[in-house]
Each structure stands twice: as C-alpha cells, then as structure tokens.
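Colleague: Chains as they are written, first to last, in full-length UniProt numbering: chain U, 1 to 121; chain W, 1 to 294; chain P, 1 to 142; chain Z, 1 to 611.
Hints listed in this document are in silico derivations from the structure and should not be mistaken for laboratory results.
Heads up, the beta-carbon is just placed ideally off N, CA and C, and yes, glycines get one too.
It cannot be assumed that every hint is accurate.
[To be verified] Non-contacting residues of chain W with respect to chain U, defined by C-beta distances greater than 10 Å in every case (computed):
1. Pro-80
2. Met-85
3. Asp-96
4. Glu-136
5. Glu-190
6. Asp-217
7. Val-287
[Stated by the list, open to error] BS3-like cross-link-like pairs, simulated, lysine-lysine; straight-line CA separation at most 25 Å:
8. W:Lys-219 / P:Lys-30
9. W:Lys-219 / U:Lys-92
10. Z:Lys-571 / Z:Lys-602
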Amino acid sequence: MAERYSSFAPGGTRWLLQRITAAFLVVVLAFHFFQLHFVTHAAEVTFMGTQARMQNVGYFLAMVLFLITAAFHGVNGVYNALINQGLEGTRKKVVLAVLVIAGGALIVQGVYVAVAMAGWI
Amino acid sequence: MSTQQQQQEPESQESPQDPEMKGTESPQQERLREKQEGMVDDHAEKEAEAEGETVHIKVFRYDPEVAAKQEPRFDDFHVPFEKGMTVLDAVMYARDEFDSSLTFRHSCRQAVCGSDAFFVNGKQRLGCKTQISDLEQPVRIEPLPHQEVVKDLVVDMDHFYDQMHAVEPYFQDEDTPDPADLEEQRQSPENREKIKMSSRCIWCGACMSSCNIAAGDNKYLGPAAINKAYKFAMDDRESEAIKEHRLRILEQEHGVWRCQTQFSCTEVCPKDIPLTEHIQELKREAVKKNLKFW
Amino acid sequence: MSQSYNRGLIEDFGRWKEFSAGMWAWIFHKFTGWMLIGYLFTHIAVLSTAIGAASGDASMIQAETDVYTTTIQGLEELFIVRVLEVGLLAVAVFHILNGLRLLMVDLGIGLEAQDRSFYASLILTGAITVASVPTFLSGVGF
Amino acid sequence: MYEHDVIVVGAGGAGLRAAIAANEAGADTAIVSKLHPVRSHTGAAEGGINAALQEGDDWELHAYDTMKGSDYLGDAPAVETLAKNAPEETMNLEHWGMPFSREEDGRVSQRPFGGLSYPRTTYAGAETGHHLLHTMYEQVVKRGIQVYDEWYVMNLVTTDEDDPTDRECHGVVGYDVQSGTIEGFKANNGVVLATGGPGQAFDHTTNAVSCTGDGHAMAYRAGAPLEDMEFIQFHPTSLPSTGVLISEGVRGEGGILYNSEGERFMFEYGYANNSGELASRDVVARAELTEVDEGRGIEDEYVHLDMRHLGEDRIMDRLENILHLAEDFEGVDGLVEPMPVKPGQHYAMGGIEVDENGQTCVSGLYAAGECACVSVHGGNRLGGNALPELIVFGKRAGRHAAGEDLGAPEIRTGYGDDVEDDDTELPVQPGSAGLDTASGVAADGGVAAEAEGMLERAVERERERVDRLMDRDSGIQHSEIRSKLQQAMTDYVNVFRTEEGVKKALRIIRECREEYQNVYVDDPSRTFNTDLQQTYETRNLIDVAETIALGALVRDEFRGAHWRKEHQERKDDEWLKHTLISWNEGDPDIFYRPVILEGENKTYEPKERSY
Ligand SMILES: Cc1cc2nc3c(=O)[nH]c(=O)nc-3n(C[C@H](O)[C@H](O)[C@H](O)COP(=O)(O)OP(=O)(O)OC[C@H]3O[C@@H](n4cnc5c(N)ncnc54)[C@H](O)[C@@H]3O)c2cc1C
Ligand code: HEM
Ligand code: SF4
Ligand code: F3S
Ligand code: FES
Chain U
1 MAERYSSFAP GGTRWLLQRI TAAFLVVVLA FHFFQLHFVT HAAEVTFMGT QARMQNVGYF
61 LAMVLFLITA AFHGVNGVYN ALINQGLEGT RKKVVLAVLV IAGGALIVQG VYVAVAMAGW
121 I
Chain W
1 MSTQQQQQEP ESQESPQDPE MKGTESPQQE RLREKQEGMV DDHAEKEAEA EGETVHIKVF
61 RYDPEVAAKQ EPRFDDFHVP FEKGMTVLDA VMYARDEFDS SLTFRHSCRQ AVCGSDAFFV
121 NGKQRLGCKT QISDLEQPVR IEPLPHQEVV KDLVVDMDHF YDQMHAVEPY FQDEDTPDPA
181 DLEEQRQSPE NREKIKMSSR CIWCGACMSS CNIAAGDNKY LGPAAINKAY KFAMDDRESE
241 AIKEHRLRIL EQEHGVWRCQ TQFSCTEVCP KDIPLTEHIQ ELKREAVKKN LKFW
Chain P
1 MSQSYNRGLI EDFGRWKEFS AGMWAWIFHK FTGWMLIGYL FTHIAVLSTA IGAASGDASM
61 IQAETDVYTT TIQGLEELFI VRVLEVGLLA VAVFHILNGL RLLMVDLGIG LEAQDRSFYA
121 SLILTGAITV ASVPTFLSGV GF
Chain Z
1 MYEHDVIVVG AGGAGLRAAI AANEAGADTA IVSKLHPVRS HTGAAEGGIN AALQEGDDWE
61 LHAYDTMKGS DYLGDAPAVE TLAKNAPEET MNLEHWGMPF SREEDGRVSQ RPFGGLSYPR
121 TTYAGAETGH HLLHTMYEQV VKRGIQVYDE WYVMNLVTTD EDDPTDRECH GVVGYDVQSG
181 TIEGFKANNG VVLATGGPGQ AFDHTTNAVS CTGDGHAMAY RAGAPLEDME FIQFHPTSLP
241 STGVLISEGV RGEGGILYNS EGERFMFEYG YANNSGELAS RDVVARAELT EVDEGRGIED
301 EYVHLDMRHL GEDRIMDRLE NILHLAEDFE GVDGLVEPMP VKPGQHYAMG GIEVDENGQT
361 CVSGLYAAGE CACVSVHGGN RLGGNALPEL IVFGKRAGRH AAGEDLGAPE IRTGYGDDVE
421 DDDTELPVQP GSAGLDTASG VAADGGVAAE AEGMLERAVE RERERVDRLM DRDSGIQHSE
481 IRSKLQQAMT DYVNVFRTEE GVKKALRIIR ECREEYQNVY VDDPSRTFNT DLQQTYETRN
541 LIDVAETIAL GALVRDEFRG AHWRKEHQER KDDEWLKHTL ISWNEGDPDI FYRPVILEGE
601 NKTYEPKERS Y
C-alpha cells in the first residue's frame, strides 16, 4: 500500500478502537455495576472484600483492562467531541497532549491502586 | 385588519446607527409604507373574493444595504390560499403582489434544481415541494441555518460548493473505450441500483444545514459531499485503484469520521437519500481497507 | 459580497425545540459520556485511598477501620451520594443502551428504526433506573 | 473586465457541452450563467436521449423519424447531423460516468418513445436530464473550466454595421447578482448562447422560472433572426398550479381523462375515436381546452386524469413517482382522487437561427440548445430529441467557436438572396416602442483596442440603464407587465390560434411594451436584486412573445404544433419554409427561407403525419 498522507490522520483507527472498546465496555461495565451494587452493595464494600476479589488474577486483569479501555474510550471520546466542534491547530495539539497525559496518569494511578488493593506492594 | 405588520425580532430593535437614517424616511421606506397601506384594502378585496381563506407567513428579512433591513426581522404576509399551494408559491405571491424586494432563489418549481431549500417551521425543506396545507400557521420561513445570509432567504452557498468539489466529484478512469466505437463500459443493473439513490442529489444544501457537526467544524466535508463521493466509490465502472484514492479523501480527519450519526441530514433530504447509511457504509469500507495488511 | 449575516450560536441552541430524535440522542450521548469519564477520574481518586489502607495497619483492615473502608462506607452513608449513584446509573445505562444503538448504526443495522431505538433507550433507561432505586437507597439513614 | 477566448452563456446541457468542447479544443473557456450550473432546467428532463445505438437500429432511421415528426420543417443537414452524432455523444456521456439504466448484460437500456420506429431512447431512470446535467458539470469541474455563476448576462457586445451579417460579436455584459457589479466579458473567439427555452412567455408552463428567453432576445436585438418561433409544443398533462409535468406514462398505463360532467370526452365528443387518451400530444391538448372552453372544465380551468381504476398495486409498481408529484406539488392523492391536469407550454421548437456549426449570421455569435434553431425539430419535437440536440450541437458550437474547422455549413443564415419577404398586414406596429434599442456599438480605433473600447461602452450603457430603472420611484412593476403578457399568450397564442386572437395578443404585447417604458425597480439594494434581474427578463420576454405571436399570425396553415382555426390543413406548396423574424433596429422584418429536404443519401418527401 502506498504512503500515508500526513494530513490523513488515521481517524479510522481511533474510530474503530472507540467501537471495539465500547463493545468490550458493555460487558465489563455491566458486570462491574452488578458486582458492586447488586451482589455486594456499595455500602458494604470493605478493603478486605476488595482485596479478596483483586487477588484473583483473572479479576485483576479484567479490571486493569477495564480501566485501560474506559480511559481510552473516554479520553478519545472527549477529544473527538472537541474536534467535532472545530478545534484546530495549536489548541488542538495542546488539548491532545493534555488528554493523553491525563489519560496516562489515570491509567498509571489506577493500576497502582489495583496493585495496592491486591496487596502486592 | 392589517395585512402586513412588521414584527421585529428580536423585540428591542436598535435604531439605525447612521444619523441620516434616523427619523427621515428613505424613498424606499416611504414607498414600502405606502404600499403596505395600499395593500390593506387592495388585499381585503381579494380576500373577500377568495372566501377569506388566507395563509399567514412570516418571512425572515435582512439586507445589509437597506437601512430598514440591516437589523434582521420577520415580515408578515397574508396570502390567499389555493388548493395545492406550496411554500414557494406563497413567497412568490408575496413578492409579486406585496413587496418586490423579497428575495429568494428559485427556478424549476419541481424539486430538481435545488435552489429553494429554506428553513420552514423549524425544518429544512424545499419550498416548492412543501404543501402549505401540511404546515402549522403562521408558517415561519427563514434562510438555511448555519450559512451566512446574503439577503432575505438567500444564503451564501460557496462553502457548500467547495465541499462538493473537494471530493473530486468526477469520473476519473481515463482508460475507457473510444466512444466512437459505441462500446460502453459494462455495469450490472445491481450496481446501478446501488448508486441510484446517491445519484439523486440536487445540491440543495438542506442536509449540510441540518448537521450540527458541519455547523461546528467548517472543514467537515458534510453529508452531501460524502454522498457524492459514495456515488463514485461504489460505482464498479471505476477501477479499484481509484476507489482506494476516493477512500483516502474520505478518511481524512474531517471526512467520514466526523459524522456522529445525527440522522438529521437523512431526515431533511428532499430526495430521500439515505445519507447516514451511506456515510456509515463508507466508514466501514475505510476501516476494511485499513485492516488489509496483505 | 458586501456583507453577510451570521446568526451564530442561537442557530443551535435557540432551536432545541426543533431538534430531532437523532440530535437529542447525540446530545445525550455526549453528555453522558462526559459524565462517565468525569466519574472515572473521581472514582479512581476515591479508590486511591486503598493505597493508604494497604500500606497502613493490617489490624485496621481486619477491624474494617482502614481509610479505604471508612471512606467508602462514610460516603455511602450520605443520602446525596446515593442519589448521585442513581444518577450515575441512569447515565451509564443510557450511555450503554444508546451506545449499543450506535454500534448497530455503525454496522448498518436497523437504520430506519433509529428514532424508535432512541426512544426505546430512553424508556429502558428510565425503567431500569426506577427499578434499581430500592437497591441503591436501601439501608441509608434518613 | 474579464477576458477569455470563448464565453459560453448558460450552463444547461448545451452550455456545459459547448464549454467542454471549447476547452478540449484548447481555448481558454469560461461559462457565465445566471444560475449555478446544476440549477439549470436541463435537470428537469425525465424521458431520455434518442440515439441509434443498437444493432438493428440506424442513424438513418432516426433521421427519418425526426423528419417525419417535424412535419417536414426540419432541415435535413441538421437532422442528419443530429442522428449521426447522437450515438457517439451518448456513449461519451456514459464514459464520463453518467448512470444510465442497465440491462442484465450490463449494457445501457433503451426504451420506446412516441414517434420512434425503434426503441432508441436511452435513459437514466426517470431523471435522465438530471444525470446528464450533473455528469457534465462534473466534467467541467474536472477540467477546471472557469464558471461565473449567478452572473446575469444583460446584453451582447456587437459591432453596429447596418447589415447584421457584417457584424461581429466581441463579448457580453454581465451583472453579478450577488454584488450588483456590472462588468464586461471579452470573448476573443466567440460567444456561445445556451440560455434555454422561453417558456415563461406563457402563463402556464413546464419550464422553470429562469426560462425567460434571454438569449433569444439578446441575439434578436443584435441582429440574428429568430426562426420558426410559432412552433411551441404544449404538453396535455401538466398540473394546474405549478405546471409540473405528469408523464405520458399515466395515459400509457390506462389513465382516463374526464370532464366536469364525468364524461370520457376523448370518446364522447369524438376527439380521437380510436386512440382516445393515447392520441398525440397536440390532439389531446386541444381536446382538453375545447372541453374547458365549452364549459365542461373543472373550475373552468382543467380536466381530470384518473388512474384510480388501475389499482394500488399497479400504480405503486409503475407510476409511483406520479403519486409523489401529485401529492407534493398539487396536494392531491392519486390513489383516492383524480388528478387535475391541463395543457402547459413545454418546448419551443424555434429559436435563434444558426447553421450546423451553431453559428448565427453575426460572426463570433453562436447558439446551441433550446434557444437555438438549427432546425432539427421543425414543426414538432419528438420526445427525447432535445437532449441529444444539446450534446451534439453544443459540442459543435463549442469547437467551432474555439476555432476548429468543421467544414462549410450547408444551412444558410441571415437575410440573403435565398429568402422571400413577407407581406402580411400587421394589426399593430411590432418592435421598439422607443425603448433602448440599439445593441451594436460603433467601432473606432485599432483592432484590439477597439473591442475593449466597445466593451467599455456597452458596460457603461447597461450601468446607465440600471441606474435609470433604480432611480425611478414610481411607475409600473415588471410583475404586472409580465403576468399580463403571459395571460395574453396563454389566452390567444396557445394550442388554439385564431387570426383574431393572435392579433389581440399582438395588441396586448404592444401595450406591454409601452407600459414597460415606465417600469421601475422598487428594491433599492445592489445585493441580490432579483427585482432588477426580473425586470430585465421581462423585457426579453416581451420581445420573444412578440416573435411567437408574429409567427403564429403569418403562418396560415396547420403544421406540427401550430394550429390555425381558419386553416386546418398543412399547406406544403406554400409553407415548406421557415419563418424568420429579424429585429431590424426595432422595426421587425419577417421573411422566409425554404426548408432543406435533401439529405446526404436521400430526399425526404413530405408524407401525411399519422400515427
Ligand atoms: C419537464 C421537462 C421534461 C423534458 N423532458 C425531456 C426529455 O425527456 N427528453 C428530451 O430530449 N428533452 C426533454 N425536455 C427538453 C429539454 O430538457 C430542454 O430542451 C433542454 O434541457 C434545454 O437545455 P438548454 O441547455 O438549452 O437550456 P437550460 O438547461 O434551460 O439552461 C439554460 C441556461 O442558461 C442560463 N441563462 C439563461 N439566461 C441567462 C442570462 N441572461 N445570463 C446568463 N445565463 C443565462 C441559465 O442559468 C441556464 O444555466 C424536457 C423539458 C422539460 C421542461
Ligand atoms: C459500557 C458501554 C459503553 C458503550 C457501549 C459506549 C459506547 C460509546 C460509543 C459508541 C461512543 C461513540 C459515539 C460516537 O463517536 O458517535 C461513545 C462515546 C463516548 N463514551 Fe462511551 N461507551 C461505553 C462506556 C463508556 C464509559 C465507561 C465511559 C467513561 C469512561 C465512556 C465515555 C465516553 C465518552 C466521553 C464519549 C464521547 C462522547 C462525545 O461524543 O462527546 N463511555 N461511547
Ligand atoms: S443530499 Fe439531499 S439534502 Fe443534501 S444536498 Fe443533496 S438533495 Fe439536498
Ligand atoms: S446530520 Fe451530520 S452527523 Fe452525520 S448523520 Fe448526518 S452527517
Ligand atoms: S424551485 Fe427548484 S428545487 Fe424548488
């Protein structure tokens, strides 16, 4: 395939990832809500309970993936919405940088929290 | 009974800045006033004739050059109703009988030239294709939103045309048989059916005007241009290489991805073109193409 | 052209009464999406108390008096938090249902029913939210 | 001032084709059009393009059908050029991507049409004209041809020699509708007029509001004669309130016409005892009007076309678009009530007299499309023959204007030794009523500077005219004159023509001319002043309507679409000739030129036109 035009940002990739993450999130988010509001009521959450769940590697991985996809999905969604409103040029670049940093920080902090919950530090 | 009151919107209309314009009436205003006064009885007569059935229309007025119209406003007209009357008929009547400076584009009166897309009772519609009797009165007629108003109902279409031209809207295969041989390029009836709806666009601009994304993002190609590109991209007569080139144009940042499936374009299109569907199909095509690594 | 007139933003927001189903869906989806990402940030912030808890005294964890547990349970005791949670549920449910609707649209399925599927999302969201109110509000001190 | 080699006025099918051809011939070409190209009325054509494409068909058959359809008033060289070139030109459109309807084997479809001996009407759904127009505009975009859209051409810039055949055309004066500026367009090689039909001369027409015969009138006043203007085709089924066309398909499928008494008048009153509703267009149109005149019309205006008995299934299957048309434009549901229809002006067979190369007698001035009369259609146009005319003669005009040699034409133009003068007594003096008549500009100075100077002066003159119209504060408005004119034409120069009626029309036209001297433009704005533009157009309509009425008066026979009460037969001994009317500086001159019936291989012998 031929070269990529510089102006032709791979909007398609982000679009596709937004859909794929959405499809994934439907399942995990529903599970998450159900787990923490109906199975265990939020008011009954304790660190011990959390730790017990988190030490299950499958659960841990699912939650980390949940976090990553949600962060991407949310941040990309916001970025998209801003482009839709005609964000251009430097401002667009700045917004992108801020969003990437915020999203990255969210993931790093989240993973750290998850590790802490599992009691692995 | 007054047939034409000028209602100002917004309510607090500022008086013209130019001191000369204040107080004194320009000849045009004078004539306008005379005519309005004259219109009352003239019109009352007509009305009696037509058994009193009239249509009340409110038309957006603006003209940068005429003092009285520099501040946008709505004018009211009462037009005698006739069976089969369209919005275009009503504004034409108002222009020919009441105020010859009422300005709008129109030509074919049969929904093929695409000149008279207006914003009628809150929706983009073709004036000539909209029966007055289907609308709630008073019928409010405005220029297309999201386009600059040149005068009255006339909007600047240049941006729309630019977007239409931006998708290289022309057949590109050079490698066709010599027409003198009377040899056509073959196309299956199914393929022709596939592009049928997309080929009906009359460039009225209603869709573009209804799309919030196009309003926010000036670079967005917009539904009409994407649909135009769809017509070519889906036509089997063009080669794969050109189809790929077309997808390249469409998948730029301000191409198909900007569409947020608001569907308003599809709803207002007077030619019933399934615009959203076409845009979505192109998104999938573009993704498919990008996923092809082999 | 000498001059032209731009009617600006009123175009969009002054006309909300005339918006069509697809436009409302778009606006609601946007709104709920932003709420959700906003919530995600606060959520992680609240959960960060787990770090303190984990590095703190293990006996407190046993006694369920660690920062994490107390913070969460403390929050859960507030009526307002419970109400906000119901709101969050509504927001999430709508975003999910409409998200599914959008995914269908992306696949080119049921485009003719796009307005009906939007109304269906709204109604379902309402129903689910109302149905879960008892669960969410149970045990909160009035 | 703008300068190009070739200036094409009008961007319908003919204009676009001419521009592409001129561009391909290497000329710097520009299109000046009062409408954006895709708004042109070519987009309204539904039926199709006649072209002998298939084996078994032959251009000679097409030529024969066309000649017969024209009631032997077509010129053989023109008719044969059309028939010979239509296939290649149609294929060319296909290669440009026009979405023709297709057969199973992938070839373009063709269907039968009235008056054709072979199904040779190539079509693209029920919107052939739309696709033709858009496909060609696409090619214009591709080639980067300059388009000045929403520029109204006010006048031509020609020299003012006494004899029109000595004159030269150097450009046009344009009015930018959006800004109100008036500018000159200098054409180094030629000006091609492709301004479409004059349908607005009538009160009720299938033509667009923009079909005001501007090209006709401008060429006429510049000295090129108008030819066969009396031949106007009326379509029997158009919707009364808008003039939207209800296709013949409804009658073809079995639709029935009723009068106010509920009688199937085509049979009851013996208008066409054999074919009934399916009789030819002019017969049905006359029958409808007779019903209305004799008091059996509905609301004294129209008759009913009923298709309810065909059943919903059949209607939905074959005539669905008709249901939409009736609903959208007339507010009538064709499934539950009959549709109102009446005859409407549809097409003008006549136009600016040109030869096969599209050139008028004024050198450098060309015309193509409906505004021109090469004479392909003669007394009556066959359905599906206008679109091929656009592409065949549009292309020829464009190439010739760009300087290509297309050989010497066989058709002669202008006043010459082969014409015959007319001596009919006219009821009123036609032509100028002391209006601004002169269109020519005297040359003085060197050759190149000369053209520029002429252009300057012509622009100046139009500016003055506009100022005059705008400065006046009272008088009469163009819309009043226009509706009076249209009414007169519809009342007296319609499907039925009587000597008395046509004379009456001429008197009313004269009144309109006189009233026009007091016309004023109420809208004081320079921005998008459609009031001003329409005032200009009304002037053109007056000139064109007058030539139609004059032609209708002098031709005392019944040929093609032209019917005269006192003379209900075709008079071949006397009338195998074209009517030509020349402006003659405001004192119109009527003369005749014999029809050319000698074709390349055969001579077309006039035969009875019966279908
Ligand atoms: C309803 C309908 C159906 C028809 N169906 C068929 C059919 O099936 N088959 C067929 O063969 N024919 C059909 N015809 C006839 C055919 O469509 C027309 O004769 C043909 O399209 C005319 O094309 P044109 O290029 O000459 O003019 P148009 O398409 O009318 O274009 C005229 C152009 O000139 C421009 N113009 C005019 N005046 C000025 C001015 N003063 N300054 C600048 N620009 C100007 C306009 O902007 C426009 O671009 C039909 C006609 C009608 C009305
Ligand atoms: C659970 C299932 C979810 C589904 C099915 C889903 C679906 C979608 C889809 C399809 C879009 C794209 C809309 C478009 O571009 O047209 C979107 C946008 C968005 N989503 Fe989600 N989403 C889900 C969960 C989430 C979560 C958990 C968050 C928060 C972290 C989130 C935040 C957003 C945001 C911010 C947007 C952008 C909204 C905008 O356009 O302004 N979503 N969602
Ligand atoms: S797609 Fe429809 S609404 Fe948009 S310009 Fe074309 S005809 Fe008009
Ligand atoms: S309205 Fe706009 S967002 Fe997409 S579906 Fe139509 S282009
Ligand atoms: S006037 Fe041509 S589309 Fe309405």
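Colleague: Beyond 10 Å from chain U, beta-carbon-wise, is Glu-190 (chain W)?
Modeller: With a cut-off of 10 Å, Glu-190 (chain W) remains clear of chain U, as the shortest Cβ separation is near 27 Å.
Colleague: So if I understand the rule, the pair passes when the alpha-carbon distance is 25 Å or less; does Lys-219 (chain W) with Lys-30 (chain P) pass?
Modeller: holds, 21 Å
Colleague: With the threshold set at 25 Å, check whether the alpha-carbon distance from Lys-571 (chain Z) to Lys-602 (chain Z) stays at or below it.
Modeller: Satisfied, since the Cα-Cα distance of roughly 22 Å is no more than 25 Å.
Colleague: What's the verdict on Lys-219 (chain W) and Lys-92 (chain U), does the C-alpha distance respect the 25 Å limit or exceed it?
Modeller: holds, 14 Å
Colleague: Taking C-beta pairs only, is Glu-136 (chain W) more than 10 Å away from all of chain U?
Modeller: holds, 32 Å
Colleague: Please check whether the beta-carbon of Asp-217 (chain W) is more than 10 Å away from every beta-carbon in chain U.
Modeller: violated, 4 Å
Colleague: Asp-96 (chain W): least C-beta distance to chain U exceeds 10 Å?
Modeller: holds, 41 Å
Colleague: A cut-off of 10 Å on Cβ-Cβ distance, and Val-287 (chain W) was said to be off the interface with chain U. Does that hold?
Modeller: violated, 5 Å
Colleague: So Met-85 (chain W) supposedly isn't at the interface. Is its beta-carbon more than 10 Å from every beta-carbon in chain U?
Modeller: holds, 40 Å
Colleague: Would you say Pro-80 (chain W) is clear of chain U, with no C-beta pair closer than or equal to 10 Å?
Modeller: holds, 45 Å
Checked against the numbered hints given earlier, this structure breaks hints 6, 7; the rest are met.
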